[in-house]
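Colleague: Chains X and P, in that order, are what the protein sequence lines are.
The first sequence begins at 7 in my numbering and counts up by one.
The second sequence begins at 7 in my numbering and counts up by one.
Everything labelled a hint here was simulated from the structure, so no lab data went into it.
Warning: the hint list may mix true and false statements.
Which copy? The list can't say, so a pair holds if one copy fits it or any two copies do.
As the list claims (entries may be wrong) - Calculated cross-link-like contacts (lysine-lysine; reagent style DSS-like; alpha-carbon spacing at most 27 Å):
1) LYS222 <-> LYS272
2) LYS58 <-> LYS159
3) LYS284 <-> LYS118
4) LYS201 <-> LYS179
5) LYS249 <-> LYS118
6) LYS232 <-> LYS222
7) LYS294 <-> LYS272
8) LYS9 <-> LYS232
9) LYS284 <-> LYS58
2 protein chains.
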Amino acid sequence: MTKFSILILGSASAAPTLARNPSAQLININEQYYLIDCGEGTQNRLRQHKIKFQRLNHIFISHLHGDHYLGLLGLLQTMSILGRTLPLNLYGPKQLKELVDMNLAYSHSTLKYPLIFHETQTNQSEVLFENEHLTISTIILDHRVPCTGFLFKEKPKPRKINPKAIKRYEIPKYAMDNLKRGLDFSFPDKNEVIKNELLTLNPDESYSYAYCSDTKFNERIVPQLKDIDILYHEATFLHRDEKRAEATYHSTAKQAATIAKQANAKLLIIGHFSNRYKDLNVLLDEAKTIFANTQLAQDDAVFEMV
Amino acid sequence: MTKFSILILGSASAAPTLARNPSAQLININEQYYLIDCGEGTQNRLRQHKIKFQRLNHIFISHLHGDHYLGLLGLLQTMSILGRTLPLNLYGPKQLKELVDMNLAYSHSTLKYPLIFHETQTNQSEVLFENEHLTISTIILDHRVPCTGFLFKEKPKPRKINPKAIKRYEIPKYAMDNLKRGLDFSFPDKNEVIKNELLTLNPDESYSYAYCSDTKFNERIVPQLKDIDILYHEATFLHRDEKRAEATYHSTAKQAATIAKQANAKLLIIGHFSNRYKDLNVLLDEAKTIFANTQLAQDDAVFEMV
Numbered sequence: 007m008t009k010f011s012i013l014i015l016g017s018a019s020a021a022p023t024l025a026r027n028p029s030a031q032l033i034n035i036n037e038q039y040y041l042i043d044c045g046e047g048t049q050n051r052l053r054q055h056k057i058k059f060q061r062l063n064h065i066f067i068s069h070l071h072g073d074h075y076l077g078l079l080g081l082l083q084t085m086s087i088l089g090r091t092l093p094l095n096l097y098g099p100k101q102l103k104e105l106v107d108m109n110l111a112y113s114h115s116t117l118k119y120p121l122i123f124h125e126t127q128t129n130q131s132e133v134l135f136e137n138e139h140l141t142i143s144t145i146i147l148d149h150r151v152p153c154t155g156f157l158f159k160e161k162p163k164p165r166k167i168n169p170k171a172i173k174r175y176e177i178p179k180y181a182m183d184n185l186k187r188g189l190d191f192s193f194p195d196k197n198e199v200i201k202n203e204l205l206t207l208n209p210d211e212s213y214s215y216a217y218c219s220d221t222k223f224n225e226r227i228v229p230q231l232k233d234i235d236i237l238y239h240e241a242t243f244l245h246r247d248e249k250r251a252e253a254t255y256h257s258t259a260k261q262a263a264t265i266a267k268q269a270n271a272k273l274l275i276i277g278h279f280s281n282r283y284k285d286l287n288v289l290l291d292e293a294k295t296i297f298a299n300t301q302l303a304q305d306d307a308v309f310e311m312v
Numbered sequence: 007m008t009k010f011s012i013l014i015l016g017s018a019s020a021a022p023t024l025a026r027n028p029s030a031q032l033i034n035i036n037e038q039y040y041l042i043d044c045g046e047g048t049q050n051r052l053r054q055h056k057i058k059f060q061r062l063n064h065i066f067i068s069h070l071h072g073d074h075y076l077g078l079l080g081l082l083q084t085m086s087i088l089g090r091t092l093p094l095n096l097y098g099p100k101q102l103k104e105l106v107d108m109n110l111a112y113s114h115s116t117l118k119y120p121l122i123f124h125e126t127q128t129n130q131s132e133v134l135f136e137n138e139h140l141t142i143s144t145i146i147l148d149h150r151v152p153c154t155g156f157l158f159k160e161k162p163k164p165r166k167i168n169p170k171a172i173k174r175y176e177i178p179k180y181a182m183d184n185l186k187r188g189l190d191f192s193f194p195d196k197n198e199v200i201k202n203e204l205l206t207l208n209p210d211e212s213y214s215y216a217y218c219s220d221t222k223f224n225e226r227i228v229p230q231l232k233d234i235d236i237l238y239h240e241a242t243f244l245h246r247d248e249k250r251a252e253a254t255y256h257s258t259a260k261q262a263a264t265i266a267k268q269a270n271a272k273l274l275i276i277g278h279f280s281n282r283y284k285d286l287n288v289l290l291d292e293a294k295t296i297f298a299n300t301q302l303a304q305d306d307a308v309f310e311m312v
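Bound-form chain X, shown alone (with noise of 0.2 Å):
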C-alpha cells in the first residue's frame, strides 16, 4: 500500500495569526517529501513536526506574494548551516531566483549545496518533476500575480503476483517482470497461452493531489483535474464576500466546491482562509451545500489517501 499523505503546516491567506500559519504543505509519497510553498515560519513548522530538513529535496513555490514565499530564504539557508551538500531542486516564478540571489548576495553569503532552480513557466501546464512512480505538472491559476497549482500524479502501478497462481501453473521466475506490467504467459514449449488475470491481482491505486492557491474561481483547470483523489482548493473567503474575492483574485467556499464537483473530485479541503472568520465552520458548511466531502484543511492536519 503506497504512503501518500498531505500535512497542512499553514493555513492563514495574506495576514498569519497564531492559530494559523501562512501557506505551506509537506507531501509525503512513500517517504519521499515535496514542499509545497514556504510562507514565513516554515523552517519552524518543520520542526515542530520532526521533520528533517535534509530530507526536503524538492520546494515548490506558487507565487511570489509573501505568504506564500517569505519562509524560502530562511530554511535555504539554516540547510547550508545545518552541513546540507545534496542538490536542492527549487522550482517557482523567474523573479524568485532573483529574490534568492539578491538576499544571499546583500548577504556576502553561499549555499553550501546545488540550488538548482526550475522557472515555471505561467501560461501553460507543463511537467516539472517525472521520476518511475509520479509525475508533478502545475496547474495555471488565475490569480493577481503570475500563479501556479501542483498536480501530483502517481502512475500506474505494476499488476501484483498472485503466489497461488504462480504456484499452481508451475510459473518460472523470469516470468515476474512482463506479468506485472499485464502481459499474458506462454511457456517456450508449448501452445498454451495464460491469460495474465489468472496470474495477478489488481495493482494498488494510483493516487493523485492538486494544490490549488491562490486563484479566483476558474472552471478551466477543471479537465486537469478530473477525478482527482484530493483537491486542495483556496476558499479564502465566504460567498457574501464574493466581491471581495473577485476584486482580489481569491475563491470563495462554495467556488471551491464548485470546481470539486465538476471536477468529479473525490475530496476537497479547503484553506488559505482570511482572518476575518473566526469560526471556519461557516466556510465548510457553505462548501458543503454544494460538495458534501469537504474537510477543513487547518494547520496540523494531515490527510492521507485510503
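Could you slot chain P onto chain X? The hints should help.
Modeller: Showing chain P alone in chain X's frame:
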C-alpha cells in the same frame, strides 16, 4: 519613574530552533516602542506577547544577515493588511530598501502607509533619531557584512519640583519651568536669589541601552558605551571556540564580558547563541568570570531599568 524595558523576542544565531527564535528585541521607553532587528517569525513573536503592530513606528535593522531581517517583509505587509496608515520609519543598510522594494514589486503590492527609509552609515556613528527625551545612535560594529549596533540614550531629565519648598518660599507658578531646568529663582522686586537646590529635587536617572550584535571583539566601541546601564552584546561562542568566532566575525562570552567590564556597564546581557550549546549556562558562567553582573538574553526575557 521612567519605564525603560527590553523584551527579547529572539536569541538564536543563524539557525533558529524551537526554543530560540532569530534576533529581535522590543524596546519600550515610556510606552513608545522601538523594534531592533526582525528575524523570521517576529510578527508571530509580537503576537505572542500581545504587542499591537500599529504601535511600532520605528524599526532598526543592524545588518543584512537573514536571521536579523527575514521577518521584516512579512511584518510590513501584515501592518498594511491590518489597515495601517501612519508612516513607519525603517533604519538599516542601503540595500535593505532595495530588498523591500524588489519584494513588493514582484508581488505587485504596495504598502498602504508611507515607509520612510533611513539609510544607516556603516563607517561612522551617527544619530538616527532624536526627540525631547531620547537619542538613538549607531554603533559601528565589526562583522562579515556592514553592521551597526544601536545606542539608546535618554537625555537628562528635568529636576523635580519640591512642593513643600515651593510653598514655604511662596514661589509663583510661572517659575516652575525654569526651576525644572535647574535655574535659581529671584522675585522680580527683590534682590534675593533662592538657589535651585532649595526648591527642587534631583531628577530621575537617565538610562542608556546598547545593542551590539553581530560583531567580533572590538574595543573601539568601548568609549561610546562608557557607563552604559544595560549592554546587550552577542556571545555566539564559548572562548574555547575563539577561532570559530574570529573566522565568522562573532564574539565569545569572555569577549562580551571584557567589553562590558571595559565600558563599566551596570548589566551585561548576552545572546545570539550558537545552537551547538544546549546548556546556555556554560556561556553565562564564562562571562561571569570576567563580568559578574551578566544575564542571558533568552527568548521572552524582559530587562527593566532600575
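Colleague: Confirm or reject each hint.
Modeller: We went through each hint and held it up to the structure:
no.	hint	result
1	LYS222 <-> LYS272	within (22 Å within a copy, 58 Å between copies)
2	LYS58 <-> LYS159	within (24 Å within a copy, 44 Å between copies)
3	LYS284 <-> LYS118	between (43 Å within a copy, 24 Å between copies)
4	LYS201 <-> LYS179	within (17 Å within a copy, 111 Å between copies)
5	LYS249 <-> LYS118	between (47 Å within a copy, 20 Å between copies)
6	LYS232 <-> LYS222	within (19 Å within a copy, 59 Å between copies)
7	LYS294 <-> LYS272	within (13 Å within a copy, 63 Å between copies)
8	LYS9 <-> LYS232	within (22 Å within a copy, 63 Å between copies)
9	LYS284 <-> LYS58	between (33 Å within a copy, 19 Å between copies)
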